[in-house]
Structure formats: structure tokens, C-alpha cells
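> Each chain sits in its own coordinate frame; assemble them with the hints.
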Amino acid sequence: MSRTISIEPVTRIEGHARITLQLADTGEVEDAKFHLTQFRGFEKFCEGRPYREMPALTARTCGICPVSHLLASNKACDDLLAVTIPPTAEKLRRIMNLAQLVQSHALSFFHLSSPDLLLGWDSDPARRNIFGVMAQDPQLARNGIRLRQIGQTIIEMLGGKKIHPTWVVPGGVNEALSEDKRSAMLAMLPEGLQIAKDTYAFFKTLVPKFKDEAEHFGTMPTLFLSLVSREGNLEHYDGFLRVKDAQGRIVEDEVPPSDYERIIGEAVEDFSYMKFPYYKPLGYPRGIYRVGPLARLNNADACGTPFADVALAEFRTLQEDSGPVASSFHYHYARLVEIIFALESMQRLLKDPKILDTRVRARARGNRSEGIGVSEAPRGTLMHHYKIDEHGLITWVDLIIATGHNNLAMNRSIRQVADAYVDGNDIKEGMLNRVEAVIRCYDPCLSCASHAFGQMPMVIEVKDAAGQVVKRLARD
Amino acid sequence: MPLPAPQANVRVVTLKIDGLDLSAREDETLIEVCRENKIPIPSLCWMEGLSIVGACRLCMVEVSGSNRLVAACSTRVAEGMEVQTNTEQLQRYRRTLVELLFAERNHVCSVCVSNGHCELQWLAQTCGVDHVRMPYRNAGYEVDSSHEMFRVDHNRCVLCTRCVRVCDEIEGAHTWDVMGRGSDCKVITDLARPWGDSSTCTSCGKCVQVCPTGALVKQGTSVGEMVKDQQFLPILARRRHLR
Numbered sequence: 001m002s003r004t005i006s007i008e009p010v011t012r013i014e015g016h017a018r019i020t021l022q023l024a025d026t027g028e029v030e031d032a033k034f035h036l037t038q039f040r041g042f043e044k045f046c047e048g049r050p051y052r053e054m055p056a057l058t059a060r061t062c063g064i065c066p067v068s069h070l071l072a073s074n075k076a077c078d079d080l081l082a083v084t085i086p087p088t089a090e091k092l093r094r095i096m097n098l099a100q101l102v103q104s105h106a107l108s109f110f111h112l113s114s115p116d117l118l119l120g121w122d123s124d125p126a127r128r129n130i131f132g133v134m135a136q137d138p139q140l141a142r143n144g145i146r147l148r149q150i151g152q153t154i155i156e157m158l159g160g161k162k163i164h165p166t167w168v169v170p171g172g173v174n175e176a177l178s179e180d181k182r183s184a185m186l187a188m189l190p191e192g193l194q195i196a197k198d199t200y201a202f203f204k205t206l207v208p209k210f211k212d213e214a215e216h217f218g219t220m221p222t223l224f225l226s227l228v229s230r231e232g233n234l235e236h237y238d239g240f241l242r243v244k245d246a247q248g249r250i251v252e253d254e255v256p257p258s259d260y261e262r263i264i265g266e267a268v269e270d271f272s273y274m275k276f277p278y279y280k281p282l283g284y285p286r287g288i289y290r291v292g293p294l295a296r297l298n299n300a301d302a303c304g305t306p307f308a309d310v311a312l313a314e315f316r317t318l319q320e321d322s323g324p325v326a327s328s329f330h331y332h333y334a335r336l337v338e339i340i341f342a343l344e345s346m347q348r349l350l351k352d353p354k355i356l357d358t359r360v361r362a363r364a365r366g367n368r369s370e371g372i373g374v375s376e377a378p379r380g381t382l383m384h385h386y387k388i389d390e391h392g393l394i395t396w397v398d399l400i401i402a403t404g405h406n407n408l409a410m411n412r413s414i415r416q417v418a419d420a421y422v423d424g425n426d427i428k429e430g431m432l433n434r435v436e437a438v439i440r441c442y443d444p445c446l447s448c449a450s451h452a453f454g455q456m457p458m459v460i461e462v463k464d465a466a467g468q469v470v471k472r473l474a475r476d
Numbered sequence: 001m002p003l004p005a006p007q008a009n010v011r012v013v014t015l016k017i018d019g020l021d022l023s024a025r026e027d028e029t030l031i032e033v034c035r036e037n038k039i040p041i042p043s044l045c046w047m048e049g050l051s052i053v054g055a056c057r058l059c060m061v062e063v064s065g066s067n068r069l070v071a072a073c074s075t076r077v078a079e080g081m082e083v084q085t086n087t088e089q090l091q092r093y094r095r096t097l098v099e100l101l102f103a104e105r106n107h108v109c110s111v112c113v114s115n116g117h118c119e120l121q122w123l124a125q126t127c128g129v130d131h132v133r134m135p136y137r138n139a140g141y142e143v144d145s146s147h148e149m150f151r152v153d154h155n156r157c158v159l160c161t162r163c164v165r166v167c168d169e170i171e172g173a174h175t176w177d178v179m180g181r182g183s184d185c186k187v188i189t190d191l192a193r194p195w196g197d198s199s200t201c202t203s204c205g206k207c208v209q210v211c212p213t214g215a216l217v218k219q220g221t222s223v224g225e226m227v228k229d230q231q232f233l234p235i236l237a238r239r240r241h242l243r
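Residue numbers (full-length UniProt numbering), protein chains in the order written: chain A, 1 to 476; chain F, 1 to 243.
Hints were generated in silico from the structure; no laboratory data involved. A portion of the hints provided could be inaccurate.
[Said to hold, decoys possible] With a Cα cut of at most 30 Å, we get these calculated DSBU-like pairs of lysine-lysine:
id, chain 1, residue 1, chain 2, residue 2
1, A, K91, A, K197
2, F, K186, A, K162
3, A, K162, A, K211
4, F, K228, A, K161
5, A, K428, A, K211
6, F, K218, A, K387
7, F, K38, F, K16
8, F, K228, A, K181
9, A, K211, A, K33
10, A, K181, A, K162
11, A, K181, A, K161
12, A, K91, A, K387
13, A, K91, A, K33
14, A, K33, A, K428
15, A, K197, A, K354
16, F, K38, A, K91
17, F, K218, A, K162
18, A, K387, A, K33
19, A, K354, A, K162
20, F, K186, A, K44
21, F, K186, A, K387
22, A, K351, A, K181
23, F, K218, A, K161
24, A, K162, A, K351
25, A, K44, F, K218
Okay, chain F solo, but in the shape it has when bound (with noise of 0.2 Å):
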């Protein structure tokens, strides 16, 4: 879903999300009208100032009358809604979904230059996940250090395409993309050459500091030392939309 344009004339709407009353625009999504209010829902792809695609399915919320659940990222809001961000069934769907993650890939909190700045790791902390009830799938993956700046683990890649995103819609450059299906999937630099020799990517290093793991990182840290900073981001996406 692209991010809509800035328009000068909305209707506000009213609607309630776990019994508060709340009024936003109606070009807002309910997980925008969450984050202004500070109501808590774990998200992974999604990110103030990128495209949403809806994939991670962790801000699944409840809408009284329909009989599914909706992604918060990807659903406007109306007039009257009625949102429940945190029941039982939901904390248990985040849950069962973050470990997931944790056994698709190798997600070695205590080894990882992102330990402690890691925004998976926050989610299982916050999801309650004190060990993974599935097995791992212990499948090794590449590691990709052939950039001068930057390396690429894809053991600990989510698969969010926050770096696919950014690097599009905000660099412009258009380096990353997304190949292989299933458990083969996996974000890609240039048509899969080693990142070191691609010819598009500028070394802006947006992908790194959107990257919510230590899948993207910067060389040269060690274990703990990547804190990423992502404050750029809304202040460039504003800029652009303006333009």
C-alpha cells in the first residue's frame, strides 16, 4: 500500500481502540492512531515513512463486527470502530508468530553485534517469549561481508523489506530486492552479485539503519555495539511527500 499524499481537507472520525475514545483523520491508519496515542502494538515491517505491505502480521488487532482479524498497518479507520489491540487471542498469535521467527533463522541474541538494540529482540521480551516451543531449523545461511561498510547476515534476517523499502522509495537507488520463495527467500543486493560489487547501492547506509535486526550492520562493531538510529526517517519521507 503506498503511503497516501498529504491532503489539505480530511473528515475526522471518531471510533474507540480498547475502550479509549479516540478522534483521528480518516486518511489515518489504526496503527498510526495507536502509536499517537501510545497504545502499544509490536510491529516488525511496518515503518513511519515507508510503504506498508502488511507482511509480518505481528499489529493483528480485532474489530468488532467482523469476524477475522486486520493488520492495524493496513486499515484505515472509521467512523464508529470499535478496536481491541491486546486480548488473549492476540498475545498468543504474537507470540507463536515471534517464535516463529526465532526458529525459522539463527537468531543468536547473545553473539549478535544488535544484542540489546534489537528490535526482535524487544518483541519477544514484550511477547513473552521465553523459549521457542517449536523446533529451530538450525539451516545455515550466508553471510555476506564483501561491502567495504556494511554486511548482511542472513541468518538473522526477518524478511520485513524495510531495506528493500527504503532503499527504493527513499534513496532512490533501488539495490535491494527479494528472491526465492519459502525458506529459500532471502533480500538480494543487484540481482544477487555480492553487495561488495554492486553498482547501484550509494553506501548510504539507510538499508543498515532501518534494518529492526542485525541482519544489516556496519562493519567494524562488535558484539552489542550496533545501535541503530532511524530518526531520519520521517523527517526525509515528510520532505519527499511535500516535494
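So here's chain A without its partners, still in its complex pose (with noise of 0.2 Å):
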């Protein structure tokens, strides 16, 4: 008799999901699916009104990265206006990217995964918490929120406040960088960067025990999508889209963000209200791609930065064949590299004597009827396409979330380790907490797609080909 384990809703993912498995009579796993419960219709309501709204409108998406919306949005709408924005205001968006991809890196790592990290995938579920790492390390629950704290609040300094900031507008940005503003930056830098490192080292040591999740969570061969400079290095704000595949070979390159209808198409699944977006020249499903650190790691040619390069370099080594880092499990390790990338970049920048220029903002109206603007938002690659009419109203919105761009894997990335550890005859919590575990090494962002609602106990249920409930877990 067949039977479905319901893990809903997945817990310490910035979101709301549910993971069921459908067992076969012997107690294996036949098939895994991550699902998407919650539907948003920001495509949908976004028509209608006016393109300027739509930077404040997409970032209302999420809590956790609104900056990554605000920034594809705005250089969407950079490309309806059809100007190139003053070099300062492209440096002062960059730094509040990687102002953001420090604070959601720190709460990826520190606040959600850690506890699994440190305490153990089996450890008690009331203590795998951020109460718990804070009793078990004291100094690194401190330590991930100061970093969070350095990132949010260089965003507010940038944009007035941490969480929806207006600051960036159509044309660049609508107010220059004080020299108050950078040397207080610049002053929390080293501080950060010193945490982000010794985290790095920390988590060195850690590696190794985590041979056996590394060999099962999602080692299976998918092509890599990312924006790289137009040298091939590590980008977060602009360049171009390279799609490397699992033996590391270059499928694309310098492919316009502009272009990118040419290689992404979108499926949908009836299970589930995120898209399923593919790499077009191989179909779908087998277009499967990843995206985000792992996939921005394996693609770049180099960081740029002097730390993160040695990082970068140390990163290759966790593949022990030449091609690119393919456990999803390394997520976790490319985003500590990303830290210090971000760090270390935010420092350059703002020791550019040029980043105090006021000249921050290009004007002009909708001189297009459509705008691309594609960044990296911490979790991936983010799309954002507008069309408008002759008067500027948004007539269709297509957005590509990072967090989408990851469904397919991640759908893999479950059964393969739902196959590797869940014994359908005998199940256990911290089984079910590995297959939990795949999924928070994405950092999916479903708040991009869903809101999460009241309490979030974890209930587990084993159904039989009736339906009839015949186990039950639950976790308030």
C-alpha cells in the first residue's frame, strides 16, 4: 500500500512550503515534491499601474531581500527610460546589494542552518533553534547578528531605512553619499569582515564531519546559471548570464540580460504556485539549472577580492574531480565566501574618492515600451520584464525569482536525500529534518512567493492509498 509523508509547513525557510513524500508498499520513497501553497499575483495586480510604482511595489514581495527587487526593478525601469545611470549612482546600488547579500547570508547561515550545522540534524527540535546555537556558542549567535546588523544598517544608512528603502529610483538613486555616512560605513567594515572570516574558519573545521550530507544533498549533475563581469568574475549587480554545465564546460556566455527569453523558459506544475523555469536548448525538465552562491562560485572566473579569492581557490577543492562544486550541501560554504567578497568589495567602493559625487540621477520618461533589469538577489539570478503602454502603465510583468530558478533542483535535491535516509517503515524526526535540511541549503526565498502565517507547527502525516492518515507527527 502506497503511502504520502506531508512535512508542512517547512520550518526556518524564509517562507511557507510543504514537502510531501509518497512512499511505496516496501516503505521507499517513489517520488518527493516540494510545493509552493501560497499564491501572491504580483504579475497579475502590478498591471494597471504606473511603472514608477513598480520598484515599491515588487520589493513589497519580501521582507528579507527587498533590496534585490528594488534593484531589478529599478533597472527595468532604467531600460523604459532608455538611460545609462551616472557611474556613482551604479556604485552606491552595488554597495546596498552587497549590504544585503551580507544580512541575508548571516541569517541564511547563522540564524536558520547553524543550528543544524552545530547542534545536529538529530538534536532535540524545541533547542534546533537560534536560542539554541546562542546556548551552545555563545559567540557565534553574537557573531551572525552583528554581521546581520552591519548589513541592515549600511542599508539604512544608504536608503533612509533597513527594510523597503525608496532610495534607489528609476534613473539611479535620489540622494548622494555623505561623508558622514561613509566614514561611519567604513568604520564598521573591518569589524565584519573580521567576523565573516573567522566564521569562514570556523566553518572549515565543520566541513568534514558533514561528509556523508555532502555525498546526498543534491549532487546531481544540473548546469549552473549566473551573471558574471564582463571580465567572468563574480558580479552581483550587472554584466553578463554564462551557463556553465555539471563538468564545468561554458553552454552560454556574455549573453545580454536582455536576452535572457532566449535560453530561460518557465513551466508550471499543478502541485505547486512557483514556476518551474528551464534552460530552453535541453527542454524540460532536463533545462534543470541552479543558481545563487553555488552556482555563482562555479561559474566565476575569480572574485576579484584578495580574501575571497584564497576562499574561492579553497572552495574548487571541495570537488575532487575538476568540475564545479556540485553538492548543494556547499551552499552553505559558498555563501560565507560571499560574505567576505561583499565586505570585502563594500570597502573598495567606498574608498572610491568618486563615491561622494552628487550627480546620482539620470531623468527621463518611459522612452521604451519594454524593460529588463536582472541582478543577483542573495539567493540567485532575479529577473524582472515590464511592458508598458504609450502613457507608462504596466501592461505585463513577468518576474523570475531566484528562489524559482531553484525549483526544479530542489525538487531533486528532496528525493535524493529523502532516498538516501527516510525509512517509510520507521519514521524519525531528524530523517525528516535531512529532507528539511536540502531545502534551507537553497535559502529559498518564499516569502518572494508566499507569506508565512501565525504559528508554524511541522506536522508529518503518513496516508495510505485511501488517504487515511495512519502516523502522525507534529511539532509546535
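Below, the structure written as C-alpha cells:
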């Protein structure tokens, strides 16, 4: 008799989701699915609104990564204006994007994933959270909170508030950087960099302990998609799209973001509200690819900052062959490398004397009927695509959210983890936590497609073929 | 109520507002006396320099000896009058009125170009509207962005008719009017033609400046960037009356 295990909601992720595991008569996993259970409808209700509202509207998709939407949306609006924004405005936008990367990666690593890494997959679920980390290793918890604070404070200094700043506008930014703020930001960065280096060194000592997880947490062969700079280096704001295959061969390079539709298609499945993007030349679902920190490091030739380049070289040794790092478990590692890169890059940008230039905005009206903006959100490549009428009102919107790109990969990953760890005849909490943990590797931002609500109890139900619950595990 | 023509000799009356002994010209309204004496009374449709319609009912006050509330904008002062402007009952009514305005249309402050510079938002803050107790209608209203310089978003309109009056009484163009009833009521340009096709609009922008919300705004502004300048209105109104 086949049975279904449902993990709902998946905990310690941003947003609301469910995992179902379909078991065969023998107790082996027959199928695994990751469901996004909430519908938001941004692409529809934005229609009819003035395009200048889009950055603020779409930033409301998420409270964790609003800056990413703000930037991608403003880039799409820049495209509608058909302007090149002032160089200082671009640098300031880059700083905000990097600050967001720091705070978001810190949230993912310290607050959401470190409980598993520090306390163990099978530890008491009541303690397996940031408070448990505080009790076990107070300094690590303090470091995580401080690192996030540094990122958030820089966003606030630039944009006026930590969440949903409106400082980035179509054509640039609406206020130049002051010397006082620059000095205050530069004063914070060395502490952040030290925390990042210390955490990186600590995590390197943990990696060998998770050899088994690294072998089973999403090691399937996939393509990798990300932006890279004109030089082929790590890039989060602009540049070109690059796609590498599972062997590390570049299959697409120097693809202008405006040409994304040539390589990316979107499929839908009836079990999830999240779309399933795929690499068009390989079709669906063969065109599975991953985005985010792992993909960015795999795709980049170099980081371009001193310590991050050292860390990148060490990251590449995680893969025994010469190919790209395949295990999704190493998203955590990649995230720490990117935090170092972001802090080093912010120092470099802030020390540029031109960063205080007061020409930070280009002004124009809608000069094109279609605009595309692509940037790298903490979780991966984010695409905003708008069409407007002759009066500047939105007629069509397509948003491809970073987490969406990873949808196929997340589904494959839970299947792989479930195959390796789940015994349908004897369901244990720690076993299901590993299924959730592989999702956490991707740090999915389901807030971008759903809202969390109320308490988030964890309920696992085993059902027989007739839909009768034969076993139920619950966690409040 | 049309604006009174300035007269050379008017009597001065004495009255009490919130316990304060005050004097005023007998042709003044209660709201004018309150504004002169920095007694805060909320209002949306009233604006110095424009005729009075008494439509928003936010400036209602209690007058001793009267068993009904009166609008401070359309009530003239009288000798011996005793007025209360901020009783518990008035606070409750005002809060409800503001909540109804929010529930009626789609005033999504966070993405509005007038965010932080909006009279409705300020009213909500001063009236203690921390949430809206009645269900939102969520009815969709159109955005007319056809004008080269300005835009009207009917989702954010409170039907105060300041735009209608300033266009007629100060600019003299009478481009704006009001059409429809109930929830279909809306301000229109040139017998409901798109604003950009209006043959009477002079593009002076007075309607945009007097609009209390983000309903009438300049093109090219992003969230929070629409700051309105209403200083011009009393100056123009005075000059017009003197002429």
C-alpha cells in the first residue's frame, strides 16, 4: 500500500511550503515533491499601475530581500527610460546590494542553518534554533546577529530605512552619499570582515564532519546559471549571463540580460504555485539548473578581492574532480565566501573618491515600451521584465525569482535526500529534518511567493492509498 | 459656500473654544479662528483660499446649546458661542471617517509617491488609525496617465473636490468636475475625456498642488518624492478678492 508523508510547513526557511514524500509498499520513497502553497499574484495586480511604482510595489514581495527586487525593478525601469545611470549611482546601488547580500547570507547561515550544523540533525527540535545556538556557542550567535546588523545598518544609512528603502529610483538614486555616512560605514566593515573570516575558518573545520550529507544533499548533475562581470568574475549587480554544465564547460557566455528569454523558459506544475524555469535548449525538465552562491562561485573565473579569492580556491577543492562543486550542501560554504567578497568589495567601493559625487540621477520619461532588469539576489539571479503602454502604465509583468530557478533542483534534492535517509517503515524526526535541511541549503525565499502566517507547526502525516492517516508526527 | 468678500467694517465677537476666551471678526468661520489660534481641527475638503463645501465632515465640532454637531468650516462665529473641538465623541467620529476613506479606495501608502507628504496619512496618524476596522472594498479604479506632466490615480482620491474648486475659482479653467454617484463618483476632466486630451487644461498644476493625497501627482516622481507646495493659494486668493 503506497503512503504519503507530508512535511508542512517546512521550517526555518523564508516563507511557507510543504514537502510530500510518496512511499511505495516496501517503505521506499517513490516520489518527492516540494510545494509552494501560497499564491501572491504580483504579476497580475501590478498591471495598470504606473511603472515608477514598480520598484516599491515589487519590493513588497519580500521583507528579507527587498533590496534585490528594488534593484532588479529599477534596472528594468532604467531600461524603460533608456538611460545610462551616473557611474556613482551604480556604485552606490552596488554597495546596497552587497550589504543586502551580507545580511541575507548571515540570516541564512547563522539563524536558519547553523542550528543543524552546530547541534546536529537529530538534536532536540525544541533546541534546534537560534536560541539553541546561543546556548551552545554564544559568540557564534553574537557574530551572526552583528554581521546581519552591519548589513542592515549600511542599507539604512544609504536608503533611510532597513526594510523597503525607496532611495533607489529609476535613473539612479535620489540622494548622494555624505562623507559622514561613508566614514561610518567604513568604520564598521573591518569588524564585519573579521567576523566573516573567523566564521569561514570555523566552518572549514566543520565541513569534514558532514561528508555524508555533502554526498547526498543535491549532488545531481545540473547546469549553473549566474551573472558574471565583463571579465568573467563574480558579479552581483550587472554583467552578462553565463551557463556552465555539470562538467564545468561554458555552454552560454556573454548573454546580455535582455536576451534571457532566449535561454530561459518557464514551466508550471499543478502541485506548486512556484514556476519551474528551465534552460530552453535542453527543454523541460532536462534543462535543470541551479542559481545562487554555489552557481555564482562555480561560474566565476575569480572573485576579484584578495581574501575571497583565497577562499574561492579552497572552495574549488571541495570537488574531488576538476568539475564544478556539485553538492548543494556547499551552498553554505559558498555563502560564507560571498560574505567575505561583499565586505571586501564594499570597502573598495567606499574608498573610491568618486563615491561622494553628487550627480547620482539621470532623468527621463518612458522611452521604451519594454524593460528588463537582471541582478543577483542573495539566492540567485533575479529577473524583472515589464511592458508599458504609451502613457507609462504597466501592461505585462514577468518576474523570475531567484528561488524559482532552483525549483527543479530543490525537488530533485529532496528526492535524493529522502532516498538516502527516509525509511518509510520507521519515520524519525531527524530523518525528516534532513529533508528540510537540503531545502535550507538553497535558502529559498518563499516570502517572494508566499506569506508566513500564524504559528508554524511541523506536521508529518503518513497516509495510505485511500488517504487515511496511518501515522502522524507533530511539532509546535 | 462662496468666500465672503472682504468688508471694511465688521464687528468683533467673543467666544470660547475649548475653554479659551477668544475674539474674532464676525464674518470668520470657526475653522479660521481655530487655525489662527493654533487649535488643531482636522480637515480635508477645506482649504484657505477656496470656497467651502463642508463635504468631508472631519472638522465637526460641538457647540453648546445645539443638539447636533456642526462643521467648523461652514459655521460662522457668534457672540457668546462655546465650542468643543476635541471631545471623545468627536475623536471617535473622526477616526471612523478616516477609516472609511481608507476602506473605500486603495490608499496603499507604502508604494505611493506622496508617502510621507500626504494629508490623509497625516490625518490617520493624528486620529489614531492604527488599523481599519471595516472591510476594504478593494474595488479597482483607473489611473489616467495621459497628461504629459501630471497623473490622476482615482484609487487615491478622497473626493474632496479641491481640484475642482481651484481650477474653477483660481485658475478659471474649470477643467475638473465630478461625475457619478456613490462608489462610482469620481473627478473628471472635460466631460470625462482623458486628461491628456483636455482642451481646457492649462497645465498650471494647481490641482496637483492642492490635492491632499497621491491622487493628483507630477509625472516622473517615485515613491515618497511628491512634495506639494500649497503656499501659493492664499496669496492668489487674496489678490483675486482685492481685485
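> Take the hints in turn and mark each one as holding or not.
Now the hints, each set against the structure:
1. A/K91 to A/K197: 24 Å, holds
2. F/K186 to A/K162: 37 Å, violated
3. A/K162 to A/K211: 38 Å, violated
4. F/K228 to A/K161: Given that 30 Å is the threshold and the Cα spacing comes to 23 Å, the pair holds.
5. A/K428 to A/K211: 21 Å, holds
6. F/K218 to A/K387: 21 Å, holds
7. F/K38 to F/K16: Distance ~14 Å between F/K38 and F/K16 Cα, so the pair holds.
8. F/K228 to A/K181: Holds, at about 29 Å.
9. A/K211 to A/K33: 25 Å, holds
10. A/K181 to A/K162: 15 Å, holds
11. A/K181 to A/K161: This hinted pair holds, its Cα atoms lying about 14 Å apart.
12. A/K91 to A/K387: 27 Å, holds
13. A/K91 to A/K33: 41 Å, violated
14. A/K33 to A/K428: This hinted pair holds, its Cα atoms lying about 19 Å apart.
15. A/K197 to A/K354: Answer holds: A/K197 to A/K354 is near 28 Å, not above 30 Å.
16. F/K38 to A/K91: 47 Å, violated
17. F/K218 to A/K162: 27 Å, holds
18. A/K387 to A/K33: Violated, at about 34 Å.
19. A/K354 to A/K162: 25 Å, holds
20. F/K186 to A/K44: Given pair F/K186, A/K44 holds - Cα atoms ~25 Å apart, limit 30 Å.
21. F/K186 to A/K387: 28 Å, holds
22. A/K351 to A/K181: 12 Å, holds
23. F/K218 to A/K161: 25 Å, holds
24. A/K162 to A/K351: 23 Å, holds
25. A/K44 to F/K218: Given that 30 Å is the threshold and the Cα spacing comes to 25 Å, the pair holds.
Of the hints listed earlier, those the structure fails to meet are numbers 2, 3, 13, 16, 18, in rising order.
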